[in-house]
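With chain A fixed as given, assemble chain B onto it according to the hints.
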Amino acid sequence: MADFLLAAAAFVLAMVAVGLVRILRGPGDADRIMAAQLLGTGGIAALLLFAKATNAPAAVDLALILGLLAAFISVAFVKGVTRPETDDA
Amino acid sequence: MSFIADSITILAVSAGAVFFLAGTVGLLRFPDSHSRLHALTKADNLGLGLVILGLVFQAEGLLTALKITVVWLVTLLCGATISQLIASTARSGGASM
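These protein sequence lines are chains A and B, in that order. Take the first sequence: its position 23, counted from the start at 1, is 23 in our numbering, and no numbers get skipped. Take the second sequence: its position 42, counted from the start at 1, is 42 in our numbering, and no numbers get skipped.
Chain A extracted, bound-state conformation:
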């Protein structure tokens, strides 16, 4: 079972890595941040599979932190792009 979970983690990471091509191609900033969002989610899935496969429960905490940071990245992107003149926040 551990081998299968490790293989699944590697597959998910490979898929996410292929998805990063979208960051190169663009064309818009929103498309690029979507690839980063997919990296966050795929990273969480890979970390959880890794935690179970290698019996390293601490990796579950890493997955939680990665999920939190992935959310912050996108919120920072939206705050940075949509900056209305009336909003000084």
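Because the hints were derived from the structure by calculation, they are not lab data. Given the structure is predicted, the values throughout are model-derived calculations rather than measurements. For glycine and all other residues, C-beta sits at the position ideal for the given N, C-alpha and C. Mixed in with the good hints there might be a few duds.
To be verified - According to the in silico footprint, chain B covers these stretches of chain A (three or more CB under 8 Å from chain B):
(1) 12–23
(2) 26–37
(3) 49–63
(4) 73–81
Claimed, not checked - Chain B regions said to be covered by chain A (calculated; three or more residues, Cβ under 8 Å):
(5) 2–14
(6) 20–29
(7) 33–46
(8) 52–58
(9) 62–70
(10) 79–90
Leaving out everything else, chain B in the frame of chain A:
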């Protein structure tokens, strides 16, 4: 019992991996931002959800199972919020499209 749990794990994790594959293909092949976002949210919600469903059957204790379920719920909450934000940004043309 262990055989059933292992079977469910293999099925669910494989299905989750397929959703990650679909999310990546959609992100690369779909023509515009909003359909790409559609592909991305499937990978976010269903792909991760199925992987976690598979892992719950392998968890040693109730606490571990609850913890990884909470990881999924947090990701769902963040994903739903962020998809709305990215979609409105793409729609308003705030980002260079």
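Exercise for review: Apply the coverage criterion to the segment 73–81 of chain A and chain B: a residue qualifies when its Cβ sits closer than 8 Å to a Cβ of the chain, and three qualifying residues are needed.
Suggested key: holds (count 5)
Check your understanding: Would you say the segment 20–29 of chain B counts as covered by chain A, given the rule of at least 3 residues with C-beta under 8 Å?
Key -> holds (count 6)
Check your understanding: For the segment 52–58 of chain B, does the count of residues with a C-beta closer than 8 Å to a C-beta of chain A reach 3?
Key -> It holds, with 3 qualifying residues against the three required.
Review point. Quick check: the segment 26–37 of chain A, covered by chain B? Criterion 3+ residues, Cβ under 8 Å.
Key: holds (count 9)
Practice item. Between the segment 62–70 of chain B and chain A, see if three or more residues pass the 8 Å beta-carbon test, and mark the coverage as holds or violated. Key: holds (count 4)
Review point. Are there three or more residues in the segment 49–63 of chain A whose C-beta lies within less than 8 Å of some C-beta in chain B?
Key: Holds, because 5 residues of the segment 49–63 of chain A bring their Cβ atoms closer than 8 Å to Cβ atoms of chain B.
Exercise for review: Apply the coverage criterion to the segment 79–90 of chain B and chain A: a residue qualifies when its Cβ sits closer than 8 Å to a Cβ of the chain, and three qualifying residues are needed.
Suggested key: That given contact holds, which follows from 8 residues of the segment 79–90 of chain B lying within Cβ reach (below 8 Å) of chain A.
Review point. Do three or more residues from the segment 2–14 of chain B put their C-beta atoms closer than 8 Å to C-beta atoms of chain A?
Key: holds (count 5)
Review point. How about the segment 33–46 of chain B: do at least three of its residues have a C-beta closer than 8 Å to a C-beta of chain A?
Key: Held - the segment 33–46 of chain B has 6 residues with a Cβ nearer than 8 Å to chain A, which meets the minimum of three.
Review point. Has the segment 12–23 of chain A got at least three residues whose CB is nearer than 8 Å to a CB belonging to chain B?
Key: Our answer is that it holds, as 7 residues pass the Cβ test (under 8 Å) against chain B, meeting three.
Of the numbered hints listed earlier, not one is contradicted by the structure.
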